[in-house]
Structures are given as C-alpha cells and as structure tokens.
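Enquirer: Chains as they are written, first to last, in the working numbering: chain L, 1 to 121; chain Y, 1 to 253.
Read the hints as simulated data drawn from the structure, not as lab findings. Treat the hints with care, as some may be off.
[What the hints assert, rightly or not] Between beta-carbon pairs, the in silico distance windows are:
no., chain 1, residue 1, chain 2, residue 2, range
1, Y, S247, L, H85, 52 to 58 Å
2, Y, Q199, L, H47, 35 to 41 Å
3, L, I86, Y, L182, 54 to 60 Å
4, Y, Q199, L, S52, 45 to 51 Å
5, L, E82, Y, E232, 43 to 49 Å
6, Y, S153, L, G51, 24 to 30 Å
7, Y, N91, L, Q59, 19 to 25 Å
8, L, E31, Y, T117, 52 to 58 Å
9, Y, L244, L, R72, 26 to 32 Å
No residue lacks a Cβ here, since even glycine has one placed at the ideal position from N, Cα and C.
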Amino acid sequence: MKKVRCPIYVQNYYFCIISELQIIIAMNKHEWPLWEIFIRSRAGLDHKHVGSLHAADAQMAIEMARDVYTRRQEGISIWAVESAHIHASNPEDAGSFYEPMNDKVYRHPTFYDLPDEITHM
Amino acid sequence: MYPSLIKYILQLADNSLIHGHRLSEWCGHGPILEVDIALSNIALDQIGAARSFYQYAAALEGNQKTEDSYPYHRDVRSFYNVLLLELPKGNFGDTIVRSFFFDAFQFELYSALLKSTDTQIAAIAEKSLKEVTYHLRFSSEWLVRLGDGTAESQHKIQKSVYAYWDYCGEMFDMSDAEKDMLSAGVSVNTVALKSNWEQTVANTLEEATLSYPLAKENAWFHKGGKNGIHTEHLGFLLAEMQYLQKSYPGAEW
Numbered sequence: 001m002k003k004v005r006c007p008i009y010v011q012n013y014y015f016c017i018i019s020e021l022q023i024i025i026a027m028n029k030h031e032w033p034l035w036e037i038f039i040r041s042r043a044g045l046d047h048k049h050v051g052s053l054h055a056a057d058a059q060m061a062i063e064m065a066r067d068v069y070t071r072r073q074e075g076i077s078i079w080a081v082e083s084a085h086i087h088a089s090n091p092e093d094a095g096s097f098y099e100p101m102n103d104k105v106y107r108h109p110t111f112y113d114l115p116d117e118i119t120h121m
Numbered sequence: 001m002y003p004s005l006i007k008y009i010l011q012l013a014d015n016s017l018i019h020g021h022r023l024s025e026w027c028g029h030g031p032i033l034e035v036d037i038a039l040s041n042i043a044l045d046q047i048g049a050a051r052s053f054y055q056y057a058a059a060l061e062g063n064q065k066t067e068d069s070y071p072y073h074r075d076v077r078s079f080y081n082v083l084l085l086e087l088p089k090g091n092f093g094d095t096i097v098r099s100f101f102f103d104a105f106q107f108e109l110y111s112a113l114l115k116s117t118d119t120q121i122a123a124i125a126e127k128s129l130k131e132v133t134y135h136l137r138f139s140s141e142w143l144v145r146l147g148d149g150t151a152e153s154q155h156k157i158q159k160s161v162y163a164y165w166d167y168c169g170e171m172f173d174m175s176d177a178e179k180d181m182l183s184a185g186v187s188v189n190t191v192a193l194k195s196n197w198e199q200t201v202a203n204t205l206e207e208a209t210l211s212y213p214l215a216k217e218n219a220w221f222h223k224g225g226k227n228g229i230h231t232e233h234l235g236f237l238l239a240e241m242q243y244l245q246k247s248y249p250g251a252e253w
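Only chain L is shown next, with the shape it has when bound in the complex (with noise of 0.2 Å):
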C-alpha cells in the first residue's frame, strides 16, 4: 500500500519554510499499525475523522495525532482506534443498500407545513 502526505508548512526561525513531504509508506512486516484519529474541535460536538498515521500503540498514537492533527488548535480532544478494528460495508453492495431509497422522497420529513414560530428546523 502506498501513502501519499499531504504537504506540511514548517516554519523555521523567524521565516517560513514550506517543505512538502511526501512519505511512502511500504507495509511489511515490520510496519507500526494503523490508526484512525478522531479530533473534537470544541466542547458539545462530536468527534469527527481528520486522518490517519502508523503507531506503536495507543499511547504514541494519541501524541502523535496531537502533534500531527492539533498543531493549528484544530482540536481539545483525540480518539484514536486502531484501523484492523473498523469494519465497513462493502462498495459492491451499494446497489442493494444505499439505491432502494432513491425513489422513497417520502421519508423526506419535508410534506408537512410548518408553522412560522418553529424555528431550527
């Protein structure tokens, strides 16, 4: 598998220095396993999937998306889960998951007439 980075700007004394990296990542079997890291931005809201990165354990892989994904105060709060955990649903089957609901507009709350003093609908 191959991994492409995305570009990283590093700021060097008191000028920047635009660097871009790219690492690739070739698996075998000395490889660190993968985590997702998910970030909270603020207080109330949920956890949202910002990317990836290969750790030791759980530990490294919490400091290392602190360094990686919260440099730009982008977060208060990291989840990390390891990758093998995730299972996802097949792509093959999104024909018979995901099309039957094209024609069902029905399920849409979207018929009923509201009136004006509701609002944050």
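Based on these hints, arrange chain Y on the given structure of chain L.
Expert: Using the frame of chain L, we list chain Y on its own:
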C-alpha cells in the same frame, strides 16, 4: 559587555535558540513522518520562547536593537548557551537523550521562574512551561521506548546517556549573571533545582532499564558555554544560521 540582567535574559534565550536550531535540523530527516513533525513543533516552541526573550532584551537595551540583533549579529563568544545544546544532533537517540536532560532541567527552571520578580521573565516562563511539560513527556516517552526496546536501540541509547552525562553539570553551575540576579529575585538558584532533576532523570532512566553514573559530589563536568567559551560546534552552527544576514546585511523577505 552586557549588564547582568540582559546577560541573564540572553542566557535563557540562547539555550532555547540553540536547542531549537539543533532540533530543527531534523526537519525532513525524522525517523518517521510523525516524529519529524513532533521535533519540528518542539523546535518552533523553543525558538518562539527565544524570540520572546530576545524581544525583551532588545527593549531593555534600546540602542536600535531588535530581536534579530542577538541571533544574527553576535559572534560565538557572546552566546551564553550551555555546551550540551550546541553539540551536533547525532542520531535520533542522541537527540532524545540530550532533549530529555535539558527538558527535565527547563521544566524545573521555568517552574521556579514563575516566581521571578521580573514579571516579563515570569510571564515568558509561564507560557513556555506548558510547552516544556509536553517536551519532557515526549522525550521521556521515547527514552523509555528506546531504552526498553530492542537490544540495538538499548545499546545505542545507553551510549548516548554516557556521552551527554558529563555535560549536564553545567546547567546547575551558576554563571556570574545568574548570581548577580539572584539577590533581586530575578534569577533562580539552579543549584537547588538539581535534586528534583536528578529524581526525574533517575526515575525515567530506571523505567527505560538504562544505567547511569552515580551522582557524585563535585563530579567533573564540561563547562564554559554560560561564559561564552564554546565547543568548536557552535561556530559551525552560527556560520550556517547567520550566513544570510552576514552576506546580505539587513536582507528581508
């Protein structure tokens, strides 16, 4: 010669600048991407703290000095950082050990500087302490991982511990500027910080299953940096750092 207060501020600033510069040399060369970013973040924290101190020194000195005057327009003999920080960055384990020794010291130093009678110094210490708390956590973490890791990582980092040990004493050896500023409550009695530092170092090295020399009374250590007497390495570092300003004085972009 600078008055003691400015010299003391420069000493604090130079430690941060030179440490930050050495860490910045890892940018693009880290063992993995995430560590590369972490080291660059720490370098920026240190250089940021150095800037605050330089700005304060420039304001005190006046004379059209700016924060840039100190890093770019002083020669080796007018830098007051400890020798430990100017040594070449070495391998990753070397950088971790060196950072750990200094982070543990800086943590104690800034904690004590919170009570400095100089409010500006106390304010910079307060802001930096949060950063240094994380730096110490980062370097301690890696020290334990490498020490308690594979046979190869343990062998390498054990070498680093012995290589830098004899440079640690200088951090607690008070310079004239530090002594002068002590009675006014501006500086900190660094000798008094040593027992906490030794405790942190002993605990972490033990957790890392590493051995270290027993602390001896009056043990010999490398020194000179606080008085401007440096190793050959600082000259090369400054040559690179100051190249642009020396070749094109006043250059901006």
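Enquirer: Should the hint that Y/S153 and L/G51 are 24 to 30 Å apart at their CB atoms be regarded as holding?
Expert: holds, 28 Å
Enquirer: Mind checking the hinted window 54 to 60 Å against the Cβ distance between L/I86 and Y/L182?
Expert: holds, 57 Å
Enquirer: Is 19 to 25 Å right for how far apart the beta carbons of Y/N91 and L/Q59 are?
Expert: holds, 23 Å
Enquirer: Against the range 26 to 32 Å, how does the distance between the Cβ atoms of Y/L244 and L/R72 compare: consistent or not?
Expert: For L/R72 against Y/L244, whose Cβ atoms are near 27 Å apart, the range 26 to 32 Å holds.
Enquirer: Can you tell me whether the CB distance of L/E31 to Y/T117 sits inside 52 to 58 Å?
Expert: holds, 53 Å
Enquirer: Would you say the C-beta atoms of Y/Q199 and L/S52 sit inside 45 to 51 Å of each other?
Expert: Given a distance of about 38 Å, which is not inside 45 to 51 Å, the answer is violated.
Enquirer: Against the range 35 to 41 Å, how does the distance between the Cβ atoms of Y/Q199 and L/H47 compare: consistent or not?
Expert: holds, 37 Å
Enquirer: Holds or violated: the 52 to 58 Å window for the beta-carbon distance between Y/S247 and L/H85?
Expert: holds, 55 Å
Enquirer: With 43 to 49 Å as the target window, see if L/E82 and Y/E232 comply at their CB atoms.
Expert: For L/E82 and Y/E232 the Cβ distance comes to about 47 Å; the hint holds.
Violated hints amount to a single one, hint 4; each of the other numbered hints is respected by the structure.
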